[in-house]
Amino acid sequence: MYAARNNFAFDVVYWRKIDQPFFGPVIGKDGDLSDVWRKRLDLLQPGEKALMEECVDLKVKDRDTRRLK
1 MYAARNNFAF
11 DVVYWRKIDQ
21 PFFGPVIGKD
31 GDLSDVWRKR
41 LDLLQPGEKA
51 LMEECVDLKV
61 KDRDTRRLK
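Its first residue numbered 1, the sequence shown is counted upward by one per residue in this note's numbering.
Rather than coming from a laboratory, the hints here were simulated on the basis of the structure. Among the clues, some could well be false.
Unchecked claim - Derived lysine-lysine pairs resembling PhoX-like cross-links, with alpha carbons at most 20 Å apart:
id, residue 1, residue 2
1, K39, K17
2, K49, K61
3, K39, K49
4, K59, K49
All chains, please: the whole structure from these sequences, using the hints.
What follows is the structure in structure tokens.
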């Protein structure tokens, strides 16, 4: 429930508890999770990678054009 209420905690729960049982261990010696996602990129199809790039581009553009209140 904690990760559901605090989105910043979701990554830790996902990479430690959900990803590893399905795809194997990825955490380095020091327990660092910062680059884990890079090791999973090869699981995506080229079309899926293109869609992710498009989504990131939209988010960056939105961030750059959003007005502060």
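Checked hints:
no.	hint	result
1	K39 with K17	16 Å, holds
2	K49 with K61	18 Å, holds
3	K39 with K49	14 Å, holds
4	K59 with K49	15 Å, holds
No hint from the list above goes unmet by this structure.
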